[in-house]
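Number of protein chains: 4
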Amino acid sequence: MIKAGIIGATGYAGAELVRILAGHKQVEIIWLGSRSYIDQAYASVYQNMFKIIEGTCLDDNLDELVSQADVVFTATPQGFLASVMKEEYLRKAKFIDLSADYRLKDVGIYEQWYRIEHKSPQFLDEAVYGLCEINREQVKGARLVANPGCYTTCSILTAYPLVKEGLIDPDTLIIDAKSGTSGAGRGAKANNLFCEVNENIKAYGIASHRHTPEIEEQLGYAAGHNITVSFTPHLVPMNRGILAAEYAALVKNPDGSLPGEEQIRKAYQKYYENETFIRLLEPDVYPETKWVEGSNFVDINFKIDKRTGRIIMLGALDNLVKGAAGAAVQNMNLLFGIKETEGLEMVPLFP
Amino acid sequence: MIKAGIIGATGYAGAELVRILAGHKQVEIIWLGSRSYIDQAYASVYQNMFKIIEGTCLDDNLDELVSQADVVFTATPQGFLASVMKEEYLRKAKFIDLSADYRLKDVGIYEQWYRIEHKSPQFLDEAVYGLCEINREQVKGARLVANPGCYTTCSILTAYPLVKEGLIDPDTLIIDAKSGTSGAGRGAKANNLFCEVNENIKAYGIASHRHTPEIEEQLGYAAGHNITVSFTPHLVPMNRGILAAEYAALVKNPDGSLPGEEQIRKAYQKYYENETFIRLLEPDVYPETKWVEGSNFVDINFKIDKRTGRIIMLGALDNLVKGAAGAAVQNMNLLFGIKETEGLEMVPLFP
Amino acid sequence: MIKAGIIGATGYAGAELVRILAGHKQVEIIWLGSRSYIDQAYASVYQNMFKIIEGTCLDDNLDELVSQADVVFTATPQGFLASVMKEEYLRKAKFIDLSADYRLKDVGIYEQWYRIEHKSPQFLDEAVYGLCEINREQVKGARLVANPGCYTTCSILTAYPLVKEGLIDPDTLIIDAKSGTSGAGRGAKANNLFCEVNENIKAYGIASHRHTPEIEEQLGYAAGHNITVSFTPHLVPMNRGILAAEYAALVKNPDGSLPGEEQIRKAYQKYYENETFIRLLEPDVYPETKWVEGSNFVDINFKIDKRTGRIIMLGALDNLVKGAAGAAVQNMNLLFGIKETEGLEMVPLFP
Amino acid sequence: MIKAGIIGATGYAGAELVRILAGHKQVEIIWLGSRSYIDQAYASVYQNMFKIIEGTCLDDNLDELVSQADVVFTATPQGFLASVMKEEYLRKAKFIDLSADYRLKDVGIYEQWYRIEHKSPQFLDEAVYGLCEINREQVKGARLVANPGCYTTCSILTAYPLVKEGLIDPDTLIIDAKSGTSGAGRGAKANNLFCEVNENIKAYGIASHRHTPEIEEQLGYAAGHNITVSFTPHLVPMNRGILAAEYAALVKNPDGSLPGEEQIRKAYQKYYENETFIRLLEPDVYPETKWVEGSNFVDINFKIDKRTGRIIMLGALDNLVKGAAGAAVQNMNLLFGIKETEGLEMVPLFP
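Residue numbers (the numbering used here), protein chains in the order written: chain A, 248 to 598; chain B, 248 to 598; chain C, 248 to 598; chain D, 248 to 598.
Please note that a few of the clues may not be correct.
Given that identical chains are not distinguished, each listed pair holds provided it fits within a single copy or across any two copies.
[As the list claims (entries may be wrong)] Simulated crosslink set (DSBU-like; lysine-lysine; CA at most 30 Å straight-line): (1) Lys272 x Lys586; (2) Lys298 x Lys586; (3) Lys436 x Lys550; (4) Lys513 x Lys298; (5) Lys513 x Lys499; (6) Lys352 x Lys550; (7) Lys517 x Lys436; (8) Lys411 x Lys387; (9) Lys411 x Lys298; (10) Lys553 x Lys411; (11) Lys339 x Lys250; (12) Lys250 x Lys272; (13) Lys411 x Lys517; (14) Lys352 x Lys553; (15) Lys333 x Lys366; (16) Lys517 x Lys352; (17) Lys387 x Lys298; (18) Lys436 x Lys272; (19) Lys499 x Lys553; (20) Lys298 x Lys272; (21) Lys517 x Lys298; (22) Lys250 x Lys333; (23) Lys586 x Lys250; (24) Lys550 x Lys298; (25) Lys513 x Lys387.
Just so you know, these hints were derived from the structure itself, not from any lab.
Start from the sequences, fold in the hints, and give me the full structure.
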């Protein structure tokens, strides 16, 4: 049994980790870290876990934790892990960080977008960006995995094959994303009260959301050069789910024709055909967040708009699963040489 | 592998059966019956099942079905199974009927409340009311299981120990129940449109809902005599979940005192202590439907109101799981001698 | 023009007062009190008011306010007004208190249920309980109006005629009420976050909610003696609306018969026939909260259950309008001799 | 009093017309047309109108209607009005058509996108596109007003000043719009059931939605040449509201600089400064649909993204008010020389 510790176990992403690991046959949760609920029964914070999770919330004592755990998940605010990380920890346990601390290779970009100082940039080089479908091999040998952001996982996977194959111009990429409210976390803010979110939709973080440089870095690798994209997130009155609509100019074929439906479909298949968790939908069927709820799937499809010469790509995932905890467990499975899908074969809940 | 056929596989209860059986290690679904979608890929009706369920919807040919299946689930409108059932079918396969056709022993009461003629009352005697926590032993040997209604499962289990132990007067029982909208089914009715349900709550079936006689019959067995209850269902703007608030006068102890907290708690424990799917919550923690969503749990608790001499009992379940498909699978497990919880250990989804 | 000041103008009830008064032809808002947003533009807190309300939030300086205002609305936490009230204020301005401070005549009951000391019980006698449909004449001459609670307005009006006429036994009264989340206020509590309320229903304040003694006092006046009722509120995933289902034993007529449909209907008509804001629905049509949203209506109907000898009464209102701000404006209209419905003829918003 | 007839009075847009006209001091509704509910009391279909609207639903007899009415509103399916319209009707009454029949000047484009034959193209020339903020003067003298679509009103008004002033390149315009479910109408379709829409978001009509050519035509007039845009609508789990996020490349100033914040703001002010129903929000405050709910406002703002050289424009309105019935009443006010805002000064409902 893999011994897993979670720091930040009472946030929504942490709680989803607990839910998934509770059904994982090869993992035992040995540490439920939560500063806010120290010494309280975990199931008294998340009553859905009553009679399922027996443990009590602990303070975050990393020295102790790494001596007991094989893997440490940090579902903590930006800056936390960077501020405490040291070589010794990485020698004792694997780390999967659900925060943004090790996602961006360029510490300057991190500090510019997150507006905090990075306290341990020396680990940036070795950290592996844990988007399994793209970085599978690197993840396997990592000590420190930077688990991707929820918006970014959806945004990147939806466009990746077309960027990689040069079928779209990445600098024309406009990503209009919509998220359920669990993405905003469990902090008690008036903005996230039921009455403020219900019967309402709004954009936020306009031209300034922190997931932008993460998308640009990763899709830049695929493009082979630096790129700049427009990214706009929206808050939707639902608990879970991200839907990304992505617009880009198609790059003409050498013969001057626009790429066709078949050509685009083949590009997606080339990269995703064997991916368990990516479902390229059938023609004319477009992703809906409800179809992936509670599961680790990303549903993807596209439509070519000949009138404008653009393509519309659509992707959907559950922000707490494939957008956070599910991806983290997928990374863990890779790190420990377990079947990649272990514990992650949840069937989506509908309705 | 148990071979299972489902008639009515594209209603919400049928689809939930498919979801649960898809994760059941000892069952193979061999028949996805759906009159409305004959020859269409099941996953084209429920896209959440894409790449999970491969089959195509079939017409309901029971003659053929019973020759292939070990167990037949009927998630069909009232009257369907009663109108086609025959001895031969029961000899060939086990039947678990999610409709109300075999729930009431008295055909007159059935016809009065459902306003349809019962076409096969000869099977009423042998049918077993499939509320496992109460009728476990009878279910094991049954050929025909009448799977309980969603409201009734919640209403009965919440009050059962106190009725059985004579701690409340069952004729004072008032059940005020609230259900998510999936209980209304997938039929395209204006009443169930998003805009009519959202931002709205209403009572319906007032003093006339069909689950009333089912509750009265089963709690009447517990009481040892016929009883009459008030039952009022409400439609709540959410997909899943039933919450029942049940009010009754406490019966005084021989010494004239009201039953106390400990006494009541012991009565619940006496019947439910070893039940995996019934969670008697800790004192002062009351059920919420979200805590059981997607799972087979029933959460129960109570409060004594000394001022009025009444007790308030509260129960919550997921109407599609413990209130329908989960209970059906639990019955199936009993029928086939499998571990009762097999395929049913889903952790509730929160948020 | 009546000059109105509001203390607590940025809570949901206060904001609803602003909305209603903004459309009231004979009122000018001269004071928008809000401790949390002092010196901020009101419309920056409630952007729906942009270009409608020009003012800035002020601190609560009652000495100054009463020298400028004809009427002061206090939409403040329990205990606030009681702690600052003095005779001088009442001489200078009319007060309409939306908190519970002056609703209960018995200071002991107030302190027992609210668990705070009442700092000005000397005004309890003169305060008028501002349920216009019942206390219209007393309100007209009042200096201090105790605006009723949201649950209580709904609960009382739904049962009042039958209690008053002796058609039901008030001690058997069980009130199961359901409220939208705006009733919980705008305070940033994790319990009221979107993700915790959405897709969820729960009971709370079981056998201990503070509106219980208020209902008992007022219906006790109608009954002519002290009564005890069961009251259970629920939180529903919607913004606005309260639905109350009220159960009681019918009192037999002198000839031993149960009261009939016509008899009950006449009792309601006797009290409500000329009430603009109470709509007794037609037979077999039951209240839904959406039908009164944004309006000052209370919709009421009932069903006799001959099987149990009980009646089920149902009432619905918008908790922020008739349950708070609308009732307050109705009281103000009475206090100042304006047409009672002035500013309150909003048509319900559907869907 | 203006005598108004409504055909299609029981759809959501028709019902909103009834709601708004019920509060309009100079209008009397004399005809509530509804084929589905002939001879039924209007308030039995929309119970919110109980004791407010007394009339009964009538069949659609236009010959009779135009002899009684000063103005006829048609809130009917595409093709209805075009199939019955004749010169005689236009001589007897003013027509405000909420369908798309007379919105597009080019009958070929109408037939291509709507896939129905236009039965009275002879009236296309005289029909005035009723977007008051842009076509105010033409509307005043019209006999036949084509009331704009909900998405189009939002999409056009949000971008219009910048297109008109040449500050953005209209051919780069990408409109990602999100709508509440009332936009889908009251037809009983499984897709619009509560359980299918709730906890879900999806795009639809991708690269094929019928509002696309309407946007292109109107913004083409502003641009001075034909344009092509990308338009993607989404279905959001809420009743009311449209939010449009619109992306376009900024056109550089003659000196090579990008237009700045002040320059853009002035362009909006130039066109909208005196518009009652358009609220250009303050810098860094972005539209949310809840802030305009129930009102005739359009809230607009923008953000320049220097990194990409693009601007993001955001607009929000209530699809049933400014997106349909409110705009129709605004048109009616212009047609009859009444104050343009009469009956339309509803304060947005929040929360």
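Open item on the list: Are any of the numbered hints broken by this structure? If so, which, sorted upward?
Closed with: 7 and 18
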